[in-house]
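Keeping their order, the protein sequence lines are chains A and B. Residues in the first sequence are numbered consecutively from 697, following this note's numbering. Residues in the second sequence are numbered consecutively from 3, following this note's numbering.
A portion of the hints provided could be inaccurate.
Lysine-lysine pairs mimicking DSBU-like chemistry, simulated, CA-CA at most 35 Å apart [claimed, not checked]: (1) A:K742 - A:K729; (2) A:K729 - B:K4; (3) B:K231 - A:K729; (4) B:K231 - B:K5; (5) B:K224 - A:K729; (6) B:K4 - A:K742; (7) B:K231 - B:K4; (8) B:K5 - A:K734; (9) A:K742 - B:K231; (10) B:K5 - B:K224; (11) A:K742 - B:K5; (12) A:K742 - B:K224; (13) B:K224 - A:K734; (14) B:K5 - A:K729; (15) A:K734 - B:K4; (16) B:K4 - B:K224; (17) A:K734 - B:K231.
Here are a few chain B residues that face chain A, going by a calculated C-beta distance under 10 Å [as the list claims (entries may be wrong)]: (18) A26; (19) V98; (20) L214.
None of these hints come from the bench; they were simulated from the model. Built from N, CA and C at the ideal position, the CB exists for glycine as well.
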Amino acid sequence: MDPRAILDHEFVVAAYTITWVIQLGYLAWMGLKWRAQKRDAERLRKPSR
Amino acid sequence: MKKLLIGLYVAITVALLGWAFYQAIYVAPDESTMHEVQRIFYYHVPNAILCFLYFALSLIGSIAYLSWRQSRPDWAQAGDALALSGAEVGVVFCSVVLTTGPLWGRRAWGIWWTWDARLTTTLVLWLIYVSYLLLRRFAAGPQMQTLAAVLGIFGALDVPIVYMSNRWWRTQHPAPVFGGGPDSGIKDPKMLAAFGWNVLAWALWGFLLLALRYHVERQQQKNAALEAKAALEATSA
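Construct the entire structure; sequences and hints are all you get.
Okay, here's the thing in structure tokens:
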């Protein structure tokens with residue numbers, strides 16, 4: 697196979713992978729933040745003694 | 003019912019992302035001069051278009067916050083949550099643009115980066131909104147939301163400059179794909195379809211992220227209000 701074509705393919709794979717890492721990384725970070733907010737909301741709803 | 007609709011939306015979005023990927027990798031033909039590396043375009047350009055859209059939503063939220071902060075505080079808080087969500091999702095999409103672009107540039111131009119008008123204005127846009135998020139993260143006090151809204155409005159002024167940069171100035175960046183004169187536009191129908199599917203799929207994905215972030219921020223605002231109320235009750239008791 698042409699080495700130029702192999703390199704082109706690797707760059708496409710890198711671009712698509714980076715896109716998904718950034719997007720899913722943000723989704724995961726938001727999921728953690730959401731969980732923390734829910735926990736805080738439950739703590740605040742409980743009557744203080 | 004609400005959960006079902008959300009589940010349906012998520013399922014459609016995931017299916018569309020898969021379909022758009024298939025179109026971009028397996029259906030669209032190789033471009034004649036750039037060959038396979040041109041396929042980066044199917045992720046790079048939709049993410050660029052959509053980052054403008056989310057920054058525009060952030061602008062609307064910032065204006066809403068400044069307009070209503072005295073007269074309708076709850077609406078203003080909703081505007082502020084929209085401004086923050088739009089800015090954050092916009093930064094995520096803009097980060098994709100700024101990483102996939104140099105990968106394409108390395109193969110097409112032989113360089114990772116050049117200080118041409120389109121690339122520089124996009125980097126400035128990203129830096130402005132990263133500053134906006136840092137301000138929101140580290141500034142404290144009642145003026146933080148107002149300062150952030152003002153910065154959000156100024157940041158949005160860079161969006162039309164980025165969009166027009168390769169029309170106003172001679173740039174190394176390729177000419178506009180659409181609306182750039184008689185030669186612009188995608189001629190091959192399969193390439194056009196792959197591009198269109200990716201714009202649609204990434205738009206649905208972006209709105210999902212935006213809605214989630216908005217929900218989280220509204221919850222945070224409610225928690226902060228509850229904490230403030232509890233603290234007030236504790237001091238008056």
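Against the structure, the hints come out as follows:
1. A:K742 - A:K729: 20 Å, holds
2. A:K729 - B:K4: 22 Å, holds
3. B:K231 - A:K729: Measuring from Cα to Cα gives roughly 22 Å; hence the hint holds.
4. B:K231 - B:K5: 31 Å, holds
5. B:K224 - A:K729: 15 Å, holds
6. B:K4 - A:K742: Distance ~26 Å between K4 of chain B and K742 of chain A Cα, so the pair holds.
7. B:K231 - B:K4: Holds, at roughly 30 Å.
8. B:K5 - A:K734: 17 Å, holds
9. A:K742 - B:K231: 14 Å, holds
10. B:K5 - B:K224: Distance of about 22 Å is within 35 Å: holds.
11. A:K742 - B:K5: Within the cut-off at roughly 26 Å; holds.
12. A:K742 - B:K224: Given pair K742 of chain A, K224 of chain B holds - Cα atoms ~15 Å apart, limit 35 Å.
13. B:K224 - A:K734: 11 Å, holds
14. B:K5 - A:K729: 20 Å, holds
15. A:K734 - B:K4: The hint holds at about 19 Å.
16. B:K4 - B:K224: Holds. K4 of chain B to K224 of chain B sits at ~21 Å (cutoff 35 Å).
17. A:K734 - B:K231: 18 Å, holds
18. A26: 8 Å, holds
19. V98: 5 Å, holds
20. L214: 6 Å, holds
In this structure, every one of the numbered hints holds.
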